[in-house]
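Number of protein chains: 2
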Amino acid sequence: MTHGDDEPPRVLHERTLASTRLFRVEGVGLRFANGTEVEFERIAPRGAGAVLVVPLHEDGRVSLVREYAAGTGRYELGLPKGRLEMDEAVLDAANRELREEIGYAAQRLTRLRTLTLAPGYLSHSTHIVLAESLTPDPLPGDEPEALEVVHWPLDALETLLSREDLTEARSIAALFMTRCHVQERDTV
Amino acid sequence: MTHGDDEPPRVLHERTLASTRLFRVEGVGLRFANGTEVEFERIAPRGAGAVLVVPLHEDGRVSLVREYAAGTGRYELGLPKGRLEMDEAVLDAANRELREEIGYAAQRLTRLRTLTLAPGYLSHSTHIVLAESLTPDPLPGDEPEALEVVHWPLDALETLLSREDLTEARSIAALFMTRCHVQERDTV
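Same order as they appear, the protein sequences are chains B and F. Be aware that the first sequence starts at 1, since it is given in my numbering, and climbs by one per residue. Be aware that the second sequence starts at 1, since it is given in my numbering, and climbs by one per residue.
None of the hints are false.
Computed Cβ-Cβ distance ranges for the label pairs, DEER-style:
#1 Val149(B) - Glu7(F): 15 to 21 Å
#2 Leu12(F) - Pro153(B): 35 to 41 Å
#3 Ser19(B) - Asp92(F): 35 to 41 Å
#4 Glu37(F) - Val149(B): 20 to 26 Å
#5 Gly29(F) - Ala33(B): 44 to 50 Å
If you're looking for bench data, these hints aren't it; they were derived computationally from the structure. Here a beta-carbon is modelled for each residue, glycine too, at the ideal position from N, C-alpha and C.
Chain B extracted, bound-state conformation (with noise of 0.2 Å):
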């Protein structure tokens, strides 16, 4: 059975039923093609989205960040990321959030792809970038106290999954990702 994009649900009304600083909660009327009509609510966050940077250096390492979340309340190991600035274009945001997190600039950006957390009730999507020719290149951060920097081989990602501080399912992808592609780039 196959439907949708031919006749996608209506939608009756957008309304904001909350606001904060960061974020923005709406309700969306729909109206389905049979006639079922429904309110979600869905989380607009303010911005232009975020970027997660894969950096892979020369030795087939990879830098990740452990910092503390405020959202699940611990430490958690992650891709360098950040959100895109107004009218910051993807890799420069990459770039950036590379010099700021782990003190290195990259000769070489590459997009991958880009990802969504929940599409059901979140409006945020996430570029993944992979950044290659790696060299020290620090620009001070904004985070309130001084990240840890964890490096790890891409071949190990195996035992990487089995550190109990690495949850993120976006930074999970991308490292899987990142090996297909250099995988399928280095067969060519």
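With chain B fixed as given, assemble chain F onto it according to the hints.
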């Protein structure tokens, strides 16, 4: 440089900034070990988290569903998923979502990992469950329109990734983790 677990930031306050049917936005005041104080915003979804199920058939195909996603405003492909109901065990929720969304029940359920989406500002967690030994056993679902079910060989994950409607980081991470899990099991 290692930090953190010995001296995590102290929680100065937690306050509700906004509240809707599905979401509560919290402000969390933190004092880090270096003395820096900051208030973060985070979203605490109602309920006990979610399950995301990888239905793996005997012929090596996985089942995904394609449905309208109100957050992004388009049809999205992803693995079957849903919220845990009150007091519901993770594996029970996985089997229920499986029956509702693809019409199969699993005799064999394995928890692979618990993922977060954006641990910096979402407290949400998703339990990834591998479902095998599948037999037809549908339950009526609560979707506003019928779901399209898409079957895909797990071996052909790279070509699945070429589909533009597969964007969800959780689903992509879960598919790669499943392939690792199955490969490791088969080589033992």
